[in-house]
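*Asks:* Please construct the entire structure, taking both the sequences and the accompanying hints into account.
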Amino acid sequence: MGHPRQKVGEVLLEVSGVSLSFGGVKALHQVSFQARERELCAIIGPNGAGKSSLLNIVNGVYQPSAGTISFAGVQRKSMSPREAALGGIARTFQNIALFKGMSVLDNIMTGRDAKMHSSLLAQALYWGPAQREEMEHRCHVEKLIDFLQIEHVRKTPVGRLPYGLQKRVELARALAAEPRLLLLDEPMAGMNVEEKQDMCRFILDVNDEFGTTILLIEHDMAVVMDLADRVVVLDYGRKIADGTPEEVRRNPEVIAAYLGVPTEADREAVAEGAG
Amino acid sequence: MQFFLEVLIGGLLSGVMYSLVALGFVLIFKASGVFNFAQGAMVLFAALTFVSLEERGLPRWGALLASLAIMLGLALVIERVVLRPLVNQPAISLLMATIGLTFCLEGLAQGVWGSVVKGLDLGIPDVPFDVKGVLVSQFDLFAAAIAGFLVAVLALFFQYTRVGRALRAVADDHQAALSLGIPLQTVWAVVWAAAGAVALVAGLLWGSRLGVQFALSVITLKALPVLILGGFTSIAGAIVGGLLVGASEKLAEVYLGPVLGGGIENWFPYVLALLFLLVRPEGLFGEKHIDRV
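First to last, the protein sequences are chains A and B. Residues in the first sequence are numbered from 3 upward in steps of one, following the numbering used here. Residues in the second sequence are numbered from 9 upward in steps of one, following the numbering used here.
Calculated directly from the structure, the hints in this document are not laboratory data. Please note that the accuracy of each hint is not assured.
[Said to hold, decoys possible] Using C-beta positions, here's what the derived DEER-type ranges look like:
id	chain 1	residue 1	chain 2	residue 2	range
1	A	Tyr-165	B	Gly-219	50 to 58 angstroms
2	B	Gln-167	A	Arg-134	43 to 51 angstroms
3	A	Asp-148	B	Gln-167	42 to 50 angstroms
4	B	Pro-289	A	Glu-248	52 to 60 angstroms
5	A	Ala-74	B	Val-89	31 to 39 angstroms
6	A	Phe-212	B	Phe-157	39 to 47 angstroms
7	B	Gly-219	A	Glu-180	56 to 64 angstroms
8	B	Gln-167	A	Glu-138	41 to 49 angstroms
9	B	Phe-157	A	Arg-156	27 to 35 angstroms
10	A	Met-137	B	Leu-143	26 to 34 angstroms
11	B	Pro-289	A	Met-137	34 to 42 angstroms
12	A	Ala-191	B	Thr-194	32 to 40 angstroms
All of these numbers come straight from a predicted model, not from anything done at the bench. Just so you know, even glycine gets a beta-carbon here, dropped at the ideal spot from N, CA and C.
*Replies:* Printed below as a string of structure tokens:
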């Protein structure tokens, strides 16, 4: 189990003491963790534990009420999603956020937007550098389409694709930016077994081939234990565990919060212990 | 037969004038998913600005460039003051904001330039000429050529450039577009500027036909059936919809008018749009929305 690869490098992302509240609700409380270069790090926890909020903070959608985030050696209290994107953070969303009316190809091309620089006028005339730039980026996108095996639907509007393929297109769009850090918010939610296996394979391939650091939220425990190098567990906005899948699996707090559903006998035992 | 052709061609050409107004709506709808109520007010504002600048002694080209600059400036101000605070808000909030904008623009235009009806002469003779016995209005032909040019340019721009793609992306999903590093502010400023330029063109053509007056902002309501027929998201649709509305309202007036009592030109397009909504709610060229249940 797990992938004992000697691959991780320097710390790429460091979240320290991050808190976030919406009005009176504390979504996150003093959460700290690190993700190293080329690491595949999973965030797990029950519903409402603050996983997506954490991702939204890393990607600049939410500003933390306390704490700092440092990415690639630059420490900041907050940033805009655009700054995050330009800095090399890409993401997918829990509920697919593709551009439904646009073709698969156009969707993925938007992922390269941050990498394109030609001026508005040059583009309007579709002239010289602008044309060359478009071609270069198109080449890169075609490679990704190959990689994720979605050649057959490249011209189809994504709104017409089945769910599993849409998730794959969203992954492709995120990869198009050649991110250093990839945030995946439940990439396998709502998929059948076969689709899940495909997605797992793609995530591992991305991690291996491109050396992308991946921060992944997932509910399927089997998947998490299989994929992740390290697992961070959140519960009610607090971090309750952080370690290899093996360590986390044995952590009693995690079992209580998330993994184990105690039987009637367990509950009595706990009650006696407490009393 | 000749009479029929004359009515048809006259209708098609006047339809182009509707298309021009509809085009402004489509631009903004494509880029923000919002129906811009203020488009009519922008048409009025642009035309009034041009006429008043000319009245104050600016040469024609100077007035044109100055009005264009003012429309672009207006777009930047709208983006900064109205749109930016509404990023990531539901489309309905943006819609309400554009209704508010309508009143501001109408008030501003008339406050600054006065509310007297002003004549506008573009120097294009409005005399019909004879094509094999069918009379065609020269002015209408001119308007059609301009509209055709604008449409070709805008369609290519949207389909084949990065900014065009970014515009469509922003229209679909703000949050996703932001996460990709697409600068929402720039995109909105560009699209409102384009809509402002289109409004200027529409304002000049309509203004020279009807005089520059408050009614201009009401006439733009005719763009609604055009959009319903053509589809809110399609530039080509705005043109085809305009042609359909123009042709059908003229033909209906001439052939159904005597039976129904005349004056049906004014409401016929809306009936047509209503019927169309029942059969094909997304319009001829609109994107079909399939919602998962």
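*Asks:* Each hint needs a verdict: does it hold in this structure or not?
*Replies:* Structure-based check of all given hints:
1. A:Tyr-165 x B:Gly-219: 50 to 58 angstroms: Given a distance of about 56 angstroms, which is inside 50 to 58 angstroms, the answer is holds.
2. B:Gln-167 x A:Arg-134: 43 to 51 angstroms: 19 angstroms, violated
3. A:Asp-148 x B:Gln-167: 42 to 50 angstroms: Between Asp-148 (chain A) and Gln-167 (chain B), where Cβ atoms are some 24 angstroms apart, the hint is violated.
4. B:Pro-289 x A:Glu-248: 52 to 60 angstroms: At roughly 56 angstroms between Cβ atoms, Glu-248 (chain A) and Pro-289 (chain B) fall inside 52 to 60 angstroms, so the hint holds.
5. A:Ala-74 x B:Val-89: 31 to 39 angstroms: 36 angstroms, holds
6. A:Phe-212 x B:Phe-157: 39 to 47 angstroms: 45 angstroms, holds
7. B:Gly-219 x A:Glu-180: 56 to 64 angstroms: 57 angstroms, holds
8. B:Gln-167 x A:Glu-138: 41 to 49 angstroms: 19 angstroms, violated
9. B:Phe-157 x A:Arg-156: 27 to 35 angstroms: 32 angstroms, holds
10. A:Met-137 x B:Leu-143: 26 to 34 angstroms: 50 angstroms, violated
11. B:Pro-289 x A:Met-137: 34 to 42 angstroms: 39 angstroms, holds
12. A:Ala-191 x B:Thr-194: 32 to 40 angstroms: 33 angstroms, holds
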